[in-house]
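J.: Chains as they are written, first to last, in our numbering: chain A, 2 to 472; chain B, 2 to 472.
Treat the hints as calculated values from the structure; they're not laboratory data.
There's no promise every hint is true.
When chains are identical, the list treats them as one kind, so a pair holds in a single copy or across two.
[Unchecked claim] Derived lysine to any residue pairs resembling SDA-like cross-links, with alpha carbons at most 25 Å apart: (1) Lys130 - Arg15; (2) Lys437 - Glu187; (3) Lys278 - Asp402; (4) Lys130 - Phe142; (5) Lys12 - Glu307; (6) Lys437 - Ala457; (7) Lys16 - Ser327; (8) Lys180 - Ala420; (9) Lys180 - Ser359; (10) Lys130 - Ala76; (11) Lys180 - Ala457; (12) Lys180 - Arg452; (13) Lys408 - Gly30.
Number of protein chains: 2
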Amino acid sequence: MALVEPPDRTKEDRKAADTVIAALAARFGNRLVTSRSVREQHANTTTWIANEPPDAVVFPQCTDDVQQIVRLCAAERVPVIAFGTGTSLEGQINAPRGGISLDFHDMNRVLAVHAEDLDCVVEPGVTRKQLNEQLRDQGVFFPIDPGADASLGGMAATRCSGTNAVRYGTMKDNVLALKVVLANGEAMSTARRAKKSSAGYDLTRLLVGSEGTLGVITELTLRLAGIPEAVASGVCPFPTVDAACNATILTIQSGIPVARIELLDALQVRACNSYSKLALPEMPMLFLEFHGTDAGVAEQSQCFGEIAQELGGGPFDWATRAEDRSRLWQARHDAYWAARSLRPGAQAVATDVCVPISRLAECVRETQRDIEQSRLLAPILGHVGDGNFHLSLLVDLTDEDEMARAKLLLERLVDRALAMDGTCTGEHGIGQGKMKYLAAEYGEPALAAMRALKRALDPLDIMNPGKIVSL
Amino acid sequence: MALVEPPDRTKEDRKAADTVIAALAARFGNRLVTSRSVREQHANTTTWIANEPPDAVVFPQCTDDVQQIVRLCAAERVPVIAFGTGTSLEGQINAPRGGISLDFHDMNRVLAVHAEDLDCVVEPGVTRKQLNEQLRDQGVFFPIDPGADASLGGMAATRCSGTNAVRYGTMKDNVLALKVVLANGEAMSTARRAKKSSAGYDLTRLLVGSEGTLGVITELTLRLAGIPEAVASGVCPFPTVDAACNATILTIQSGIPVARIELLDALQVRACNSYSKLALPEMPMLFLEFHGTDAGVAEQSQCFGEIAQELGGGPFDWATRAEDRSRLWQARHDAYWAARSLRPGAQAVATDVCVPISRLAECVRETQRDIEQSRLLAPILGHVGDGNFHLSLLVDLTDEDEMARAKLLLERLVDRALAMDGTCTGEHGIGQGKMKYLAAEYGEPALAAMRALKRALDPLDIMNPGKIVSL
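Please model the entire structure based on the sequences and the hints provided.
T.: See below:
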């Protein structure tokens, strides 16, 4: 059964795709796949954005393969869409104009680990867990941890972060250099292994977060961190979301180098209790982790405990045993699934915004009120040390009235974040889902600059078109 | 007396400049200056790069002024060169094709301090010391400290860093958002105040380090850090540069969050002893600083002391009193002047490279040997936690033979850094002085991408032309 044609595609586009597919088949043999199921797996499968499959999926094994694929596509003006693990949330991997999906599954080697320099070089298909398993015995780790076991290429492309970002930064801070295949088929290196440089334009940071629209990442040099001597975790309940947020602000301001500080609202705690068999009090809760020396983490956690008490929170409950700690953070990582269990059969639409931390309590409080007034179910959890929080909107995709209420809620959430000098997304990216908010967030001059940059590096508009900005 | 005309300028160019100057005079009155001395002060006055003055200097007072100036210049295709304090080292403020220098001296207000969010908003003419004086009573500080008391606009434009970068990062990590006037006269905001965002292309990081070639910065939102509860400083001698570098590597790898770790070679120590009236042993020396709690800095310094001892260094000498600490760091900040005092009357040509830290010892050692074999005098000091080091080459600009040797030495220094996967500049930038090294550092595809970006945002090539890349 044929799939529905992408809406904006002409007969010529279809013919061009066929030409490229024939050439790819000749070159890549069974590393080119055109079956419907595989194509659908390579398009968006999360949230409510429709699945828009590519015309074919190809599995490159090296940078040179990618260059050949891009050159073939460029010759026929066929879109090129990079694919890691398919866990992005805003339709970043969809093919609204058809095209070729490049699946980096086979480019999954750790090419070098320079433990002395605290960096490593990897192919884009390596996932974060795979990397950390390979690093462990060298005393170093890669700290960025989105919910999914995402590929590092995809993580760089979406400028993702996670629970450790408050201490270790986001992908922007942890990518030292990239190898990138540009729309013209040339491969460029964006930087060298030096820890800092002021040599010319920061191509690395321009590519990080560009979601495959400026080029395809084929190699990453990543910063690593030393595995801390001591790790301490704990949970701390608060009477209100405000109190939890204020404790977070004080913690950051006091210079306590907290490694993780995660807010779960009462509803999310209830979900986690039920899903992960915990017995936490069902009230706003901070999950915390401290990294350092034994003496250091003891001091950090004591300082935090005092702050929490001052704000009416506590008791701060320690997970001193490694297995309790793992259980706690596993529950945090399973929060998405826990949320879904609140309403079996519903779809969870995950979204995120980020605001200056001083506005966080207000933003979360107003959002909770809005959820209630919209008669929707949406637990909240957040990387509150960064002012970043998530909603898991549990919806029945077939209920039109509910969906209309949900969409309005999401728009008000973004408006609220922007009104507080925040951003429409702290870590999920723009993809297709949030393109409409960019003008409000940046204003026309910045948006025009983004379009100019896109045209400069991708004049034919073949690199993941229809994402971030439209030409 | 008329100045020499810029070499590439035609009669039409001169006429265009006159047209702009007349319009600026009408609009800005005595805020437009065309005297020779002021023009010369607004061009390069450091190192051996020739002074190439602009046609006029104008003192804007707000973003709207800058927009008007840029529009007038764009209409006549006259270059626009932003000027902070004139302390850049690679000719960044020169006007090789003439043009209008925008001196931000009068845009020196701190517009807002958000201590809760650890950020502030400033105009580009604010200097780092001025900012820290205004922040002090709010318990926060801005950590980036290049040698000079530079303007924050200039510091962002050159992606500078300094002694605190090993802990607090460089300008790339500490600029949250910029307001920038583009070549078309539009003012764009590159980001909002949220601590992180994955919304579209990272315009902030693209502008940081672009040296005024993509736009003129008229406002900066900066990250701040909390003033640490305790600060401890000390000095530690080592038998060799290698031992000092290895101690640095181990310190970083052990996760000791050192705030400053600075190498001075024996010659630089001698210079500082003489200039700053210190009595340090004249051997390779690390200057260190630790930030944290009382217990934290005590623990950090104990750990460092053990590492130093293990590598044959020490004794690690504490400066417990604040005045001893200030004296030490003042001596470090005066290292440039101390170096000059080694050869009165000589010019100090300051340069820097940055390599992966594992290669640092080798790079410094080979450079010392090269200096000796070149019969030149050049003390070395470095931000070794980042693998970044400086040479102060003491030369007689009128001695042709010596200058020839010096130039070859500098070229070999860059070649050496690049061969070690390093960069031709860790913090001084490209300007005019290091343009010739970009192709070797990045390769042609990346350089072509940089040119494409420049053309995209500045199609008329009026924004600080002749710096970083030539169109």
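J.: Now, for every hint given, state plainly whether the structure supports it.
T.: Here is how each hint holds up against the structure:
{"no.": "1", "hint": "Lys130 - Arg15", "verdict": "neither (39 Å within a copy, 62 Å between copies)"}
{"no.": "2", "hint": "Lys437 - Glu187", "verdict": "between (32 Å within a copy, 22 Å between copies)"}
{"no.": "3", "hint": "Lys278 - Asp402", "verdict": "neither (34 Å within a copy, 79 Å between copies)"}
{"no.": "4", "hint": "Lys130 - Phe142", "verdict": "within (10 Å within a copy, 37 Å between copies)"}
{"no.": "5", "hint": "Lys12 - Glu307", "verdict": "neither (68 Å within a copy, 72 Å between copies)"}
{"no.": "6", "hint": "Lys437 - Ala457", "verdict": "both (22 Å within a copy, 23 Å between copies)"}
{"no.": "7", "hint": "Lys16 - Ser327", "verdict": "neither (53 Å within a copy, 72 Å between copies)"}
{"no.": "8", "hint": "Lys180 - Ala420", "verdict": "between (37 Å within a copy, 18 Å between copies)"}
{"no.": "9", "hint": "Lys180 - Ser359", "verdict": "between (38 Å within a copy, 22 Å between copies)"}
{"no.": "10", "hint": "Lys130 - Ala76", "verdict": "neither (37 Å within a copy, 55 Å between copies)"}
{"no.": "11", "hint": "Lys180 - Ala457", "verdict": "both (18 Å within a copy, 22 Å between copies)"}
{"no.": "12", "hint": "Lys180 - Arg452", "verdict": "both (23 Å within a copy, 18 Å between copies)"}
{"no.": "13", "hint": "Lys408 - Gly30", "verdict": "neither (44 Å within a copy, 54 Å between copies)"}
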